[in-house]
Every structure is written in structure tokens, then in C-alpha cells.
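Chemist: Residue numbers (this note's numbering), protein chains in the order written: chain G, 1 to 269; chain C, 1 to 269; chain E, 1 to 269; chain B, 1 to 269; chain V, 1 to 269; chain F, 1 to 269.
I should point out that these hints are in silico values taken from the structure, not numbers from a laboratory.
One copy or two, either will do: identical chains are not told apart, so a pair holds if it fits within one copy or between any two.
Here are the simulated SDA-like cross-link-like pairs (lysine to any residue), alpha carbons at most 25 Å apart as the crow flies:
hint, residue 1, residue 2
1, Lys51, Asp257
2, Lys109, Phe86
3, Lys154, Asp172
4, Lys18, Tyr115
Number of protein chains: 6
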Amino acid sequence: DFLHALQHDIKPAFGSSKEELDIFLAQGILSWGEPVNRVLTDGDLVISQIKTSDQASLITMLLEGAPGTGKTALASKIAKSSDIPFMKLCTPENMIGYTETAKCQVIKKIFDDAYKSPMSCIIIDDIERLLDYVPVGPRFSNLVLQALLVLLKKNPPPGHKLLIIGTTSRKDVLQDFEMFPLFKTVAHVSAISTAQQLIMVLDSTGGFSDAELQSIAKKLTGARLFIGIKTLLSVIDLAKQMQAGERADKFVNLIEDLGAIDYTGNVCL
Amino acid sequence: DFLHALQHDIKPAFGSSKEELDIFLAQGILSWGEPVNRVLTDGDLVISQIKTSDQASLITMLLEGAPGTGKTALASKIAKSSDIPFMKLCTPENMIGYTETAKCQVIKKIFDDAYKSPMSCIIIDDIERLLDYVPVGPRFSNLVLQALLVLLKKNPPPGHKLLIIGTTSRKDVLQDFEMFPLFKTVAHVSAISTAQQLIMVLDSTGGFSDAELQSIAKKLTGARLFIGIKTLLSVIDLAKQMQAGERADKFVNLIEDLGAIDYTGNVCL
Amino acid sequence: DFLHALQHDIKPAFGSSKEELDIFLAQGILSWGEPVNRVLTDGDLVISQIKTSDQASLITMLLEGAPGTGKTALASKIAKSSDIPFMKLCTPENMIGYTETAKCQVIKKIFDDAYKSPMSCIIIDDIERLLDYVPVGPRFSNLVLQALLVLLKKNPPPGHKLLIIGTTSRKDVLQDFEMFPLFKTVAHVSAISTAQQLIMVLDSTGGFSDAELQSIAKKLTGARLFIGIKTLLSVIDLAKQMQAGERADKFVNLIEDLGAIDYTGNVCL
Amino acid sequence: DFLHALQHDIKPAFGSSKEELDIFLAQGILSWGEPVNRVLTDGDLVISQIKTSDQASLITMLLEGAPGTGKTALASKIAKSSDIPFMKLCTPENMIGYTETAKCQVIKKIFDDAYKSPMSCIIIDDIERLLDYVPVGPRFSNLVLQALLVLLKKNPPPGHKLLIIGTTSRKDVLQDFEMFPLFKTVAHVSAISTAQQLIMVLDSTGGFSDAELQSIAKKLTGARLFIGIKTLLSVIDLAKQMQAGERADKFVNLIEDLGAIDYTGNVCL
Amino acid sequence: DFLHALQHDIKPAFGSSKEELDIFLAQGILSWGEPVNRVLTDGDLVISQIKTSDQASLITMLLEGAPGTGKTALASKIAKSSDIPFMKLCTPENMIGYTETAKCQVIKKIFDDAYKSPMSCIIIDDIERLLDYVPVGPRFSNLVLQALLVLLKKNPPPGHKLLIIGTTSRKDVLQDFEMFPLFKTVAHVSAISTAQQLIMVLDSTGGFSDAELQSIAKKLTGARLFIGIKTLLSVIDLAKQMQAGERADKFVNLIEDLGAIDYTGNVCL
Amino acid sequence: DFLHALQHDIKPAFGSSKEELDIFLAQGILSWGEPVNRVLTDGDLVISQIKTSDQASLITMLLEGAPGTGKTALASKIAKSSDIPFMKLCTPENMIGYTETAKCQVIKKIFDDAYKSPMSCIIIDDIERLLDYVPVGPRFSNLVLQALLVLLKKNPPPGHKLLIIGTTSRKDVLQDFEMFPLFKTVAHVSAISTAQQLIMVLDSTGGFSDAELQSIAKKLTGARLFIGIKTLLSVIDLAKQMQAGERADKFVNLIEDLGAIDYTGNVCL
Ligand SMILES: Nc1ncnc2c1ncn2[C@@H]1O[C@H](COP(=O)(O)OP(=O)(O)OP(=O)(O)O)[C@@H](O)[C@H]1O
Ligand SMILES: Nc1ncnc2c1ncn2[C@@H]1O[C@H](COP(=O)(O)OP(=O)(O)OP(=O)(O)O)[C@@H](O)[C@H]1O
Ligand SMILES: Nc1ncnc2c1ncn2[C@@H]1O[C@H](COP(=O)(O)OP(=O)(O)OP(=O)(O)O)[C@@H](O)[C@H]1O
Ligand SMILES: Nc1ncnc2c1ncn2[C@@H]1O[C@H](COP(=O)(O)OP(=O)(O)OP(=O)(O)O)[C@@H](O)[C@H]1O
Ligand SMILES: Nc1ncnc2c1ncn2[C@@H]1O[C@H](COP(=O)(O)OP(=O)(O)OP(=O)(O)O)[C@@H](O)[C@H]1O
Ligand SMILES: Nc1ncnc2c1ncn2[C@@H]1O[C@H](COP(=O)(O)OP(=O)(O)OP(=O)(O)O)[C@@H](O)[C@H]1O
Ligand SMILES: [Mg+2]
Ligand SMILES: [Mg+2]
Ligand SMILES: [Mg+2]
Ligand SMILES: [Mg+2]
Ligand SMILES: [Mg+2]
Ligand SMILES: [Mg+2]
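So that you can see chain G by itself, here it is in the shape it has in the complex (with noise of 0.2 Å):
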């Protein structure tokens, strides 16, 4: 029966997170720029945090961008550069169709894991999802969203330490949630936005001839551009579907539909 179906859905969110990590990280992480190498620092700064300091018990960090920026995808890379033995990942997607109160129950059993362990790292991916937030309305679960505010003050038990790392592209909304505050640490994802950048990204995946590369550039010198890394890649493999002929006049065409092209090239936001 469903409930049955219900413990036995949960069970996999309750071993070790460590694979799930991998799949966030299938495509890799490209370094297309400086704003990823940022990200990674900030990471990096927080890491040597929990492991060094006698203070601070609870460290948290937020990782927050547009949609499709990559967020997810670095919080998993943080997370597993950290080493630290206890790592779980709270994400909507082991939630689907869950009631509120099995959330919570979801959520808090992962905290409760985590509590246990001297040193432990939580990844809570995907915020707003995890709220079932909707901008009509608006509607969320206020009853995650308390738990959440809880458990991002909580500290773990005396001798035990916690990082935890937020995904959200919803920023304004954890702000009216009051939730935005209790990260202490905030890295913004940036989009790719400079056709030196795209380039970089094309040269590293491939598919693309030196012809067309440069006959992309071309077209976009000086163009502003605002497009996440999932969404390029995914553009990127579609156009490859594409004969090699009309494949880079195909693949501008496509970032111009998603209206992710500026060709002013003055950012005037």
C-alpha cells in the first residue's frame, strides 16, 4: 500500500547521499570564468571553517542564482571537495507527492542523522521546491518553511558540528521568508554573460569546428549575454542534432529565441 510504498520510497534518503552527489556532477564543472572559481573560494573559506574553528558549530552557506545557472551542481562540488564523512542531500526530488507533514518528518530524520555525527554536511537543494512555493497566491508550505527557519539556527549538540549548503533561484522569496538572514554565508551563481565565456564552453565540450567557433564569436562580440550553464549545455546539444553546415548559424538562433542575447552590448539592467 501506499505507506508501505511511502517507508520504503524514504529508505534510500536515509544511506549515504555520496552517489546522488556523482549524478549532480555527471557533466562535470567547467570553468568557464571567474564567477565559478568564486563560488568554489567562498566554498573553500567555509570548509576550512568547520574544520578548524573551536567557536562556530553551525556553519551555513547559500549558493543562489537564476534558474539553470549550475547551482546544484557546485553545492554537490563543495560538498564533496569537503571530505566530510557524514553527507546528506535534502532535495525535492526524493519528496515527490509527499504530504507536508512527511516532508517534515523526511527532513528533520535527515538532521537527526546529522546531529549524530561529529561532523556532518547537509546539501538542502532546491529551497523554494522543498517549500512547494508558488508565485500565485502565493502558496508554500508554512510548515516546512518553520522547520527550516528552526533548523537553520539549531545548533548540533556540544562537540558536533554541521554545514549546511542551500540551493535557491529564489532569493527575494527567502528574503520576504525571513530565511535569507540565517545563511551566514552567500555566494551568488552567475550566469554566462561575455561570448569569451560561451566560447570557453563550446571549445570545452566539443562538437564544434574551429570554423564555426569563430564564426560564433563573431556574432556576438560585445553582445551581453545572460544565459545559465544547464540551459547552454542543453542548447548546445540540441544544435549538434543539426547538420554541420547550418550548426552555428542554428545555434545562435536558438540562444536568440531564449532571448538570452543583448546586442547593445550596453548593460543598462
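With chain G's structure known, arrange chains C, E, B, V and F with the ligands on it following the hints.
Modeler: Leaving out everything else, chains C, E, B, V and F with the ligands in the frame of chain G:
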């Protein structure tokens, strides 16, 4: 009892959906014009992408257009022509009167089944209906919405591929729900808009004499139409009940009553 | 207990509805004017369509008009004259105090039964009541609404035909609910609007002397009326309790009190 | 337990309501003026209609007026004088703390019982209270409202007759709820509005000397009053506790405090 | 378990409430001025009415005033001085954390018990709290509200009498809820408003020397105060903790901090 | 199962809370300035009142201040220094994911236990969180709110005394909820506002050389700060991870990033 009935009702939904697709295609796809081909071509591209790409394991496509323009039939056509072995239909027709929890269970089951197959295709038909959406309020099932928002982003397990084809006549609502950007390919399903296209349909369905066709064509020359193929086929059917002498006139009257003709011929919208 | 009672209450709804139709037709259909005929003619067309067409397997018709104008009686009349063997009445009278879930079950059962018959007819009476609609709020049962929105579009199985006749006095509400366009034929049920039509009714019901009829006719000459047949029959009945001498005057007073007479005779609306 | 208690509590409601009516009539009906007679005459007409008419099987009447004007007593009086054998009282007093589902059950039971009798009368007292209506919000029980909206239109079985008498002090609310037009006869229950009417009541109840009556009459000459009979009887009762010497003055003071006197004597409303 | 606990918790509420009244009266009633007497006189009148009148079987009285002005104590005083044998206290203190259904049960039980006694008195303390009222929203329990609206109008059985004394600090809310007019007698419980009244209280409670009293009186001469007796007693208690030398000054400071002094001495409100 | 877990989870909350207080005090109370002393003095007064007064049996105190200003630590400090034997902590940390009913049960149990002891102290920490408050909506648990509104007024049984210490960072919300006036003593917990106070904290925590302290002091001279002690300690901890050379500068940068420095030195609020 009801629970028993529920189990029973759900069952067919978990079998193969191939026959269900055939029902939606019973009246065939008439090639009444360029817009029809464009949608089918987009479908081909998406199918080729899921079949050949190494990277993309989750492909999402949306068919959006006014009510009765043929979205469900076209989605069925594309899915069928893909020859993907695991094919599932997620439609509100199979969930009448279900609670939102029951709906989520069914939807989750469909996806869980799909994840087990190396290559699968899921049609999510009539998304606004699946969400129990009504503009008064507005009201909708947030539980189902959140489930879809997660499922439309969640990658199938490594080595598995999934194609999701959604249909909706409320593109604006999907935008408000922040679901729209999760569809990486969007195809617009058009209404019939010229007399020529309409005559092409009348010609295919038969039942009108050449003289009648010419009379209709003359009346509509230069007029701007806006009528979905489904509505048009139903009007044609009604007109066939009428006497031969008055059929052509009555037919034009009927589509006039629907507000589907703009005689100015000037499209200002 | 209650559940037992529920089962018991539901039962009659699953038997034949023929006798129920007769109750609605107990007072007969008076041919008080052209508007009555128009509705009946539209009904004939729809019946001929479902009987002869090869294409259309689902035919939907809506009778809409002000409260008390005779919608339920006319729908019953059309359904009865169709001679379709499987005939079902889906009316709020059989679902008093039901939860929305129970309502959905009953409605679904009616449709599932109909799908089993090669040709069926379902009357959905008083749709706004079935939806538990009230303008304060507004409030309504979204569960029932969504069920109807799907059922009004869902084709019966191949080889089966279904005629759905709905009635409502809130056309505007059905438009807000996006249910209106799902009815492919819409017939307006009119109120009595001229003295002549009213006299025709008085004449048929009897109980007024010729002198009284002439006196009434004189008073109302040139006036614009707006009174439904059901209300009119009830007022006639009340007037009959009065003494012969004052009956004609009192009758005119009663319909004046209802605000149903506009003596200016100029219709500006 | 509670369910047991519920059963127990409901029981009396299903017995005869004759004695209950007597309770409401314990203080009798004082003939303080024309408005009282008008209501009773309307009641007589309705009773004669249900007794003699062949056509009308459902007669509905509403008594509406400000709080404390005697609606419940007058409804009881009319019902009692009809001598209809089956008589039921549907009053919120018997449903305190019931859920809306329980209320609907009770109401439905009352009507189902009535349908079994060839001629029945149901008093629906204090409709706004039965609906759990409160203007803050506003909030109300839509389940009960919808049940009443259907029951006030539903004909009893062929050969049966039913008289429904409702009372309310919120005519406006019933209009918002589209329930008002379902009452085919509406009688307004007036407050006492002249000094003469008031003196008539004081005279009937006794306890004031002639001198006191004259003193009161003099003070109030020409003033416009607005005080329900129930409130008035309660004030008289309180005044009787006072000493003979000051009784007349205190009595006038008490109704002044209620804001029930307008000394200008000019009615501008 | 909880239900067991509930039963257990409820029990005391069904015993005699005499001792509970004594708790509310532990600090006694100080005769600090005319307003106190007025309330007690109104109480006497109401008690005499219920004891002697033949007519009135239901007497309702409301004590309303700002928070901490002594409403609960005065209601207890009046009830106690009536010597009515059956005495019940309906207070939110006995229903903490109850669902609205449980509250209704308790309230109904209190009234049902009272109806069995020939003469009873029920104190409904802190009505806005009983209703779970909060101005944000506003939110409140409509189930409890509707129960009270009916119970405040419902006559006890023939031959029985019932006195209901309510207290509230939100007269405005009771008006919005249309509950206010159901109280036939309303007494306003005043705050202390002059220096003289305050000194009278200080004098009664003791602990201040004559010099201190004179010093306080001098400071406050001509000032307008607004402080409830409950608040005042608590401030006096706090001041007593201070050293003799600075007590008088600190005391005045404390009530200044409460915003309870208006030195202009001109009341413009 | 869950219920079992619930029982289990609740248990510790019913034991002694002394150890829990120690956790909140692990980092001690630094005497960084006059505002700290003021709160502690207010605490002393309240403790002396509950210990010596004959009258007051219920004493309520609120610590309010911006997030991270040390409210919980100061409340723990005051409670601990009182040496009251029965000490309970009512904190959202022990009720994560509880339904509002479960929360009320826990809270009620804490108070019922306290009433049994002759002298008790209850800390209600983070009241807005206990109420599940979120400004979006706003939403909150009215059940918990109403329980607290009653408990904050309810006297313990005769001969028993109770001290309640609440903390909140949303004084405004408590005012909207009409809970604020129920706290008879209110102490404001201040943020650090001058460079001098900040240096005093840095000095106490150690880890900065005298040169660094001087450099920081110089930079901040005359500037207006606004930073809670909790936030400050966390920033200090982070700064300690940095290299000695750049530590002072980075530290000032970090608090600048928090928007906690106003260099104009003019407080205009
Ligand atoms: N420099 C990079 N940073 C982040 N992701 C990268 C980078 N280079 C490549 N990737 C790949 O890009 C994808 C980023 O997707 P990811 O799901 O992390 O984005 P996201 O911001 O979490 O998206 P969403 O907003 O939908 O949650 C991953 O497949 C990741 O392997
Ligand atoms: N070119 C065409 N494209 C789509 N449908 C076609 C075409 N030619 C004929 N049809 C027929 O038209 C009908 C289209 O109905 P369909 O249910 O697909 O429309 P829809 O847009 O999904 O309607 P709705 O908005 O009500 O869901 C089908 O019966 C289909 O067989
Ligand atoms: N020409 C007519 N058309 C419809 N009804 C007629 C006609 N002549 C007589 N009647 C009688 O008038 C009554 C119409 O009542 P009916 O319940 O059908 O009205 P309705 O519009 O459905 O009312 P409501 O809006 O309350 O649902 C029936 O008793 C019917 O027998
Ligand atoms: N002429 C009269 N009409 C009505 N009631 C009268 C009359 N004379 C005396 N009474 C007495 O006045 C009282 C009227 O109270 P009743 O409960 O009927 O008023 P109501 O309008 O129903 O009040 P509410 O608005 O509170 O429901 C009854 O006790 C009735 O016996
Ligand atoms: N003249 C007086 N009137 C009322 N109470 C008095 C008087 N003199 C002394 N007291 C004492 O003052 C206190 C009044 O508190 P009480 O709880 O009755 O106030 P309240 O108005 O009900 O407060 P709340 O608004 O919080 O419910 C009691 O302890 C009572 O014994
Ligand atoms: N003077 C002080 N006052 C308060 N806390 C201090 C002081 N000096 C050091 N501390 C430490 O500062 C921290 C204050 O954190 P605490 O949780 O009490 O803040 P808070 O105001 O309750 O925060 P929040 O608003 O998040 O609930 C504690 O670790 C405490 O030991
Ligand atoms: Mg992500
Ligand atoms: Mg479709
Ligand atoms: Mg009808
Ligand atoms: Mg009444
Ligand atoms: Mg009180
Ligand atoms: Mg705190």
C-alpha cells in the same frame, strides 16, 4: 468499495498507452497547412535528439495553442512516430474525481515506471486540467503542480532517457506557475486562419459538393478566420445534417456564430 | 449508519431516470410562443446529429436562461423525445448534503454507465448548483468543476455515442469557469415578454373568465414583461385562490410586485 | 460518547414539533397594530393555497424583519393555525455545535420525512444562523446553503404537498445567496413604530397604572419609534422591577438607551 | 492517551464552579469609586429580575471594558452575590488547546446542565478568547461563535430560568459578530481615571507611607489617568520591591512608562 | 512509527531543562556595555518580585530585540541566576514539524507541570517561531497563539508562583496579536552600536593582536554600528580563518558587507 474501485480504475493507466493514443488519432491528422508541418518537424528534431545525444537524458517539449486546435492529436502523433517502446499517457481523463494525493500517486507511478525503461516517452495532456486549474480564485492543486515542477527537472537514472511531451491551452498560466521554462522546446499549435486552409479541410472530410465549396470559398475570401481543427470538424459534422440546398450558407452561419470570422481581413492584433 | 444511508440514497440515481423526467414534465410544455419552438428545434437537430453522424461521438448542448424559465422541463422534453434507450439525470436534487467527493463519485458512475451503452443521453441539470456555486466569495466545488470539465470533453469509447444536455441560469459563471465553450450547441430559454404570450398561457391553464382575460390584456397592452413560465404558473395558481371579482386586478398586481412589468413599453436594454 | 450523544440529541428533532411551537408562542401574539394582521393574512392565503390548489405542490413563504420583531412567533402561529398534520421545526437551536455535514443530515431527514406525508409544513427558523453566517469574512456553511437552495426548489413526490416557512433578519444576505427569489411569498415583520402601538402593548401586558401610561404616551407623542416586540417585552419586564414612582420615567429612559426613539418625529429614511 | 486526558481535563469544568470564582476574587473588590458601584448596582437589578419576573426566563448581561479593568472579578462578584445554586464558569482557561469542536462540546454541556436546574447562572468569561479571535486576518472560530449566537437567544425549558454574564474587552468585535445586541443589559467597566481614585487604591493595599501617598498625590494632581485595577495592583506590587526612599518616585515612573498618565489634564477624547 | 517517535521526542522536553540552558550559555555572556547590564538588572528585579511578593503569583517578562542580539542567552542567564527549582524551556527547537495540536499539547504539559511546583520558571523562546509566524500572508498558528494568550494571563493555583520569560525579535507582531501587553515587564536587548563596545568584545574573544585591535578601532572611530552579539561572534570566527596580515581589514570588510556600519556617525534613524 471506493478504494477498491480506485485500484481498479488506476490499473489501465499502468498498462501500455498505445491504444489510447490511437483513440486520440481516430480522426487522423489532416495536413491543412504549413503550421501543422512545423509542429511535426519540431517533434522530429526532439525525437532525433533523444535517440542520438549522449548528453541529454531528459528532453521536454510543450505543445501550446488555443482550445480545440489539435494539441492532443499532434502530441499523440509525435509520440507514436517516435517508436519509443515505453509510452505512457498522463491525462486527466484517467483521474476524474481523484484527490490531489491520488493524482500525485498516479503521476509518480507513471514516472517511476518510465525511469525503469532505457528509453521512455510520457505525454502529459491538458496540464491545466491535471492541475485542477480554474481562473476564478485562481484555484489549483499545488501538490500536483509541485510534483510536476520537480519531475520536469529530474534526470532519469544514468543510462536512461526520457522524453516528456506536454500540452496546454493556457501558456500564460504555465508561465505564472514557473513551469513554462522547464520545457526546453515549445511548439505553437495554430488555429486555421485562412479560407484556403479551411477549404483544404472541407475537401478532405468530404460531404460538400464542389459548388458548395466554391460558394463557401467566395464568401470567405479575404476574411481572417480563427477556428481550431477540432471545432471545425464538429461544425462540419453538424452542417452535414442540413439539407443540401442550404448547407453551404448554414455552414458559414455556424462559424460566424462562433465569432470565428473577421471580414475586415485586416489583422491588427 | 450514514454510509449505509449514502449507498441507499445513491441507488435510485443508478436506475432508469425516465420516471424522473416525467415528474419534471408533469405540468406539460405550453406552446406560448416562438422562443419555445426554437429551443425544441435546436434539440431536434442535436438528436438527429447524434443518431446519424459517423464522426461525432460526443454531442453537448446547453439550455441557459433566467431562473424559472423552464430549462429543466425543456431539457427533459428534448431528452424524452429522442427515444435514446439509456437516459440518465444528473441533478443536485439527488445529491443534497453530499461531500464533493461523493458528488464526483455519483457523477462518474453516471458517465461510466453511459459509456457502456451504445447510445446514451445524460441531463446535467442546474449546473451551478451541482458545482455548489455561490457568488459570495465566490465559492464552489473545484473537484466537481474539474470532473465536469474533463467529462464534457472526453469521448465515449469507439463505437459509442453520448448526448449531454446541460441547464444553467448562470451562463456568465460557466464562462468564467471556461466550461461554456465545451457546449457545442447553446440554446437560450426565454422569459415571457409580451402580453400576448402571457394571455396564451392564461388561456391554456384555464380558471380565468373571458372578461378577466380581456381586462388583463387591456392593462398590459404595450407593456414589456419579463417573467419565467414557472413563476407565472405559480402566480396564476395563487390568483386562483382569490375571489372572482378581484382576481384579474390582483393577478396584475402580483406580477407588478415581482417587478416583471415595464409599462413604458420601450425596451432600451 | 459524542456520536452516541449526537444520536440522542438529534432524536427529539424527528418527533413531532407541535410542543416546540407552543414554547415559541408562550407569550402569545399581541395585536398591536395593522402590520401584525397583514402578516397573518398573508399566512392565511398561503395556507388556503396549499390546501386547495391542484397545481402547486411546493409553497414557500419568508417572514423577514429586524431582530426581535416576532418572526419566529408569527411563523409558529401561522403553522399552527394551518392544522397541517405533519409539522416540523428546523431550527439552529437543535443543531448547536454540529458540523455542517451533521446539519445537512438533520435537514435532509426533516425533508425526507415531510415528503412521506401527503401534506406537511416545515418551519426553517433563523436561516442566517442555520447557515453559520457571520458578516466578518463573510463566512458561512456553503454545504448547508447549497442543501437549502436545492430543497427550496425541489417538488415533493406526485400527490404530496409541502409548505415551507422561513424566517430571517438578514434579507440582504439571502439576496446575496440567491436564496431570496426561491420564496414565492415574502411578508415583512415590522417593528413597533408609533407611541400608540407601544401603549397598546403596555396596556396588554399590564403592570403600569393608567397614570403611568398617560405619562409615557405624552412623552412619546409625535416621536418615531423602532423597537421589536421581543425587545419591548423584555424592557417592560425590566421596568417592572423598578419602584412605582419612577417606573414610567425609567421605562422611557431604557428604550432611549436602546436608540429606539427619534423625537424629531420626521421620518426621512 | 490524549482523548483520555481530554476527558480528564474536562471533568472539573462540570463540577461546581464556586471555588473557581473564589480564585478570581482572591484579591477582593476595592471600592475605588462610583464606576465600581454602578456595575454592581446593574448586577443587582439583573439578579432581582431573574428572581422575581414571571416573563423573562433568559437574562443576559455583558461586562465590557479595557484589558485589566476587573471584568472577570466583577462578574464573579455579581454571580456569587446572586446565591443562584447552579453556577457555571465557561472560561478559555479550561479549554487551552481544544479544537473548536471540543470547545463547542464543553460549552454545550455547560448549558445543557444549566437547563436542568430551575435557576442557573453561567459566566462566559473573555468571550473574544473563547472565540479564538485575533485581529490579524481576522481569524476566529465560527463554530464557537455560532454556538454562542444561538445559546444567547435560546430560552431555557418552560419553568426554568437562566442568567448569562459575559465579559469582553472587545465590544467592537462583538458588534461586528452581531453578538452585542443579544446582551440585553450592558455594563461598562471603567479604568481608574483620577489621582483620587488611585490614592484610594494605594491606601487600601497598604505598603506606602502617608508621606509617600502625599507625594504621589501631588505629582498627579490634575492629571488624567487611564489604568486598569489589575495593572495597577501589579505595578504597586513591583514598586513594593523598591527601597522606601525612592518608592514613590519609581511608582509614578512605572505608570508613566505604561503611558497611563496624561498631565495636560484636559480630556479631549 | 511516527506517533511512537512523537512520544519519544517529547519526553526530553518534560525532564529538567537545566542542561539545555547551559547549551545556550556555552559561549558565555560578555559584558560589552551598559545595555547588557540593564537587561540583567531588570531580570533581578523580576526575580526578587516573584520571591518576595505575597500578591503577585504570575510574573511575565519579555526580552525583545533584533535577530542575533543575544535574547535567548540572556533569558537563560536570568532564569539560571534565579535558582528557581522548577525550570522549563519551551522552544521551537523541540517541536520541529509538530502539528499545531501537538505543539499545544507540549506547551500545555509544560505549564501543567509548572503549576504543580510551588515556584516555577518557564522560558518561552522565539515566540514568533512557536507561532509558526511568517509575514507572507501573514500565516501563523492561531491554536498556539490562543493557547499562549490564555496561559500568559492564567494565574497558577493558590499558593503557587510562576515566572514566564519570553523572547522575540518581532515585538510588532506580538503587538498585532495583542500578546505584548500581557508581558508586564519588557526589556530591550540591544545590538552593539559603538566601536568601543565592539573592541571590548574583540578583546574578550582573543585572537586579534593589539595592533589589529588598534587598526580596527581607528577605522571605526565615530561610526555608528548595528550588529548583534551572535552575528559578531560568528564574523570574528570567520575572520580568524584568515591570514594574520589581512585579518583586521577583512574583518572590517565582513561587517561592512553585512550593512552594519554607518560611517556618517550621525544617527538619524
Ligand atoms: N561551471 C559549472 N558550474 C555549474 N555547473 C556546471 C558547470 N560546468 C558544467 N556544469 C554542468 O551544468 C549543469 C548545471 O545544472 P544544475 O542542475 O546544477 O543547475 P541549477 O542551477 O541547479 O539548475 P536549477 O535552477 O534548475 O536547479 C550540471 O549538469 C553541471 O554538471
Ligand atoms: N492537422 C491536425 N492537427 C490536429 N488534429 C487534427 C488535425 N487534423 C485532424 N485533426 C483531428 O482534430 C481533432 C483535434 O482534437 P484534439 O483533442 O487533439 O484537440 P486539442 O487541441 O487537444 O483540444 P483541447 O484544447 O480541447 O484539448 C482530433 O480528432 C484530430 O484527429
Ligand atoms: N413552454 C414551456 N417551457 C418550459 N416549461 C413549461 C412550459 N410550459 C409549461 N411549463 C412548465 O413550467 C415549469 C418550468 O419549470 P422548470 O423547473 O423547468 O424551470 P427552470 O427554468 O428549470 O427553473 P429553475 O431556474 O428554477 O431551475 C414546469 O413545471 C413545466 O412543466
Ligand atoms: N404581535 C406579535 N408578534 C410576534 N411576537 C409577539 C407578538 N406579540 C407578542 N409576541 C411575543 O414576542 C416574542 C417575539 O419573539 P420572537 O423570538 O418570535 O422574535 P424574533 O423576531 O424571532 O427574534 P429573533 O430576531 O431574535 O429571532 C415572542 O415571545 C412572542 O410570544
Ligand atoms: N473594584 C475592583 N473591580 C475589579 N477588580 C478588582 C477591584 N478591586 C480589586 N480588584 C482585583 O483586580 C483584579 C482584576 O482582575 P480581572 O482578571 O478581574 O481583570 P479583567 O478585566 O478580567 O482582566 P482581563 O482584561 O485581562 O481579562 C482582580 O484580582 C480583583 O480581585
Ligand atoms: N552580552 C551578551 N548577551 C547575549 N549573548 C551573549 C553575550 N555575550 C556573548 N553572548 C553569546 O552570544 C550568543 C547570543 O545568541 P542568542 O541565540 O542568545 O541570540 P538571539 O538573540 O536569541 O538570536 P536569535 O534572534 O537568532 O534567536 C550566545 O552564544 C551567547 O553565549
Ligand atoms: Mg538545482
Ligand atoms: Mg487536448
Ligand atoms: Mg431547473
Ligand atoms: Mg427568531
Ligand atoms: Mg478577565
Ligand atoms: Mg534566540
